[in-house]
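Student: The residues making up each chain are set out below.
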Amino acid sequence: MRHVAPQPLTEPVLLILLALAEGPRHGYAILKDVEALSHQRVKMSTGTLYGAIRRLLDDRWITRFHEPDAARDRQAYQLTATGHTALTAEVARLKQLTRAAATRLREKEA
Amino acid sequence: MRRLYQLLLHLYPANIRRNFGREMLAVFDQAAASARATGPAAYLAFCAKEVAGLLIHLAQPQQTAQPTEELRMARRKLIKITAALGFTAALAYGIYWNQLPVTSSATLTLAPPLVAPRYAPTADIPFESTVRRLVESVTSRSYLTNLIVSVDLYRDERRIQPLEDVIEKMRANLRIESRASGVLAIAFTYPEPLPAQKTTHKLTSYLMDEFTRQRNATTLQTVAFLQDRRIAVARQWEQALAELHTAAAKGLPLDRLQLESAIARKNYEEISPKLAEAETVRSLEERRQGPLLELLDAASLPNDVRPPWWAVLLLALAGALGGTILGWILTRLFPASTRTPQPA
Numbered sequence: 001m002r003h004v005a006p007q008p009l010t011e012p013v014l015l016i017l018l019a020l021a022e023g024p025r026h027g028y029a030i031l032k033d034v035e036a037l038s039h040q041r042v043k044m045s046t047g048t049l050y051g052a053i054r055r056l057l058d059d060r061w062i063t064r065f066h067e068p069d070a071a072r073d074r075q076a077y078q079l080t081a082t083g084h085t086a087l088t089a090e091v092a093r094l095k096q097l098t099r100a101a102a103t104r105l106r107e108k109e110a
Numbered sequence: 001m002r003r004l005y006q007l008l009l010h011l012y013p014a015n016i017r018r019n020f021g022r023e024m025l026a027v028f029d030q031a032a033a034s035a036r037a038t039g040p041a042a043y044l045a046f047c048a049k050e051v052a053g054l055l056i057h058l059a060q061p062q063q064t065a066q067p068t069e070e071l072r073m074a075r076r077k078l079i080k081i082t083a084a085l086g087f088t089a090a091l092a093y094g095i096y097w098n099q100l101p102v103t104s105s106a107t108l109t110l111a112p113p114l115v116a117p118r119y120a121p122t123a124d125i126p127f128e129s130t131v132r133r134l135v136e137s138v139t140s141r142s143y144l145t146n147l148i149v150s151v152d153l154y155r156d157e158r159r160i161q162p163l164e165d166v167i168e169k170m171r172a173n174l175r176i177e178s179r180a181s182g183v184l185a186i187a188f189t190y191p192e193p194l195p196a197q198k199t200t201h202k203l204t205s206y207l208m209d210e211f212t213r214q215r216n217a218t219t220l221q222t223v224a225f226l227q228d229r230r231i232a233v234a235r236q237w238e239q240a241l242a243e244l245h246t247a248a249a250k251g252l253p254l255d256r257l258q259l260e261s262a263i264a265r266k267n268y269e270e271i272s273p274k275l276a277e278a279e280t281v282r283s284l285e286e287r288r289q290g291p292l293l294e295l296l297d298a299a300s301l302p303n304d305v306r307p308p309w310w311a312v313l314l315l316a317l318a319g320a321l322g323g324t325i326l327g328w329i330l331t332r333l334f335p336a337s338t339r340t341p342q343p344a
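Protein sequence lines, in the order shown, are assigned to chains A and B.
Under this note's numbering, the first residue of the first sequence is numbered 1, with each subsequent residue one higher.
Under this note's numbering, the first residue of the second sequence is numbered 1, with each subsequent residue one higher.
Certain hints may be false.
[Stated by the list, open to error] Chain A stretches covered by chain B per the calculated footprint, using a threshold of three residues with CB under 8 angstroms from any CB of chain B:
| id | stretch |
| --- | --- |
| 1 | 25-36 |
| 2 | 48-58 |
| 3 | 73-80 |
FYI, nobody ran anything at the bench for these hints, they're computed from the structure.
Everything numeric in this text was worked out from a predicted model, so none of it was measured.
Backbone N, C-alpha and C fix where the C-beta goes; we use that ideal spot for every residue, glycine too.
My request is simple: use the sequences and hints to build the entire structure.
Tutor: The structure is reproduced here in C-alpha cells:
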C-alpha cells in the first residue's frame, strides 16, 4: 500500500489541538488558550471554533469530556490517541521545516 | 447582537443546532462580555468577526462527505432570505421614488404706476413691507383652510391628522420670497403635479388681488384721515381769526392772537396739498393706474418623474434577482478554512 504523507494541519486546528494537549477544555477556554498560544494574533470566532470541533469530532481526533455536574451548555473536549498522534506528527513536521529554513538562511548569510 | 447571533444560528442544519447550539451561544455570551469590557472598538470588531464566522461556516461544504440534505436546505434558506431582502429593499425604494414631491412655481412683478412720479410721488411703495403683509395674509389659517379644501389637498393626512397639523405642513411646503427690484417668487411643493400647479395659480391670483385690496384700503384711509385733519385745522384757523377780530374790536393786545392765527393758517396750508396728493393716489388706484402686482411667469406644471406601477414591480423583481445572486455567491464564495485530513 502506497504511503501517503499526511496533509499539513491548518493553524486553527493546530492551535485547538495544542490547547487540548494540556487537558480537557470547554469552548471558551479553548478560545482564550488559542489567543494566548498565538500571542493575541489569532482570535477565533465561535463559528470557526465549532466548525473545527465538529470536524475533529467526526474524524475522532477529539471526544466529548463528560463532567458529572456540568450544565448542558458547558461541554468540554479532550484529545484522543489519534488526535495526539496527529498533533505530534504535525509538530515534528514543523520542527523539521524550521530547522531546514534556519540552515538555508545561515548558508545564504555565509 | 445576541438576537442576531441566534437568528444566524437558525440557518444552520437542525442536527448542528441541536448538538452545538446552546454551547455556541454560551461561548458567544462569555466572549461578548470580555470584548465589551475591553472597549467599544473591540466589541465592534468582535461582532463583525462573529457574524462573518457564522456566515462563512454556514456556506462551507462538508469536508468528509457530500453536503447533507440539511446543509442544502440551509443554503436554500439563505438564498431565499437574501432574495426576500433584495425584493423588499427594491420595493421600498420604488415606493419612496413614487412619493417624491414636485414643485410648481410662479413669479409676480411690481409694475410701476402709469402716471409719472412727479404727479403722484407717494404712489411709490416700500416693497419689502408690502410683501411681508401679503405673506401674513396668504399663510393665514383661514385662507389656507379654504385653499386646502377647494383644491382637495392632503386628503389622506386630513383623515388622520388635526387640520392645524395639515396647515403647518402646507406652510412648510410653501415658499414666497421677494427678490431684487420688485419680483415676487411663489413655489409650492406637493406629491402630485396638477394640484401643485392649481394651488400655485390660486396663490398668485390671491396675491395680486390682495395687493390691490390693501393698496385701496390704505389710500382710502389716508384720504379719510387727511380730510378729518383738514376740517379740524380749518376750524382752529376760523376760531383764531374770530378771536383776533374780537380782540381788535375791543382794542386788546393782538400779538399772541395774530401768532396763533398765523400758525393755524400754516397748518391748514400744509394739510391741503397732502390731501390733494392722497386724493390723486386714490383716483389712480380706482382707475387701476397705480402700482400693481402683475404676473410674470404663470404657475408651472412640474414634470411627473414618478415611475408607473409596473416599473416599481420590475424594480422589486430585479431586487429579488440581485438578492438571489448575492445569496448564491455567499454560499459559494468562502473556501474551507478548517479542513482536516482524514487519519491514515
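Student: Give a verdict on every hint.
Tutor: A quick look at each hint next to the structure:
no. : hint  : in the structure
1   : 25-36 : holds (count 4)
2   : 48-58 : holds (count 10)
3   : 73-80 : holds (count 3)
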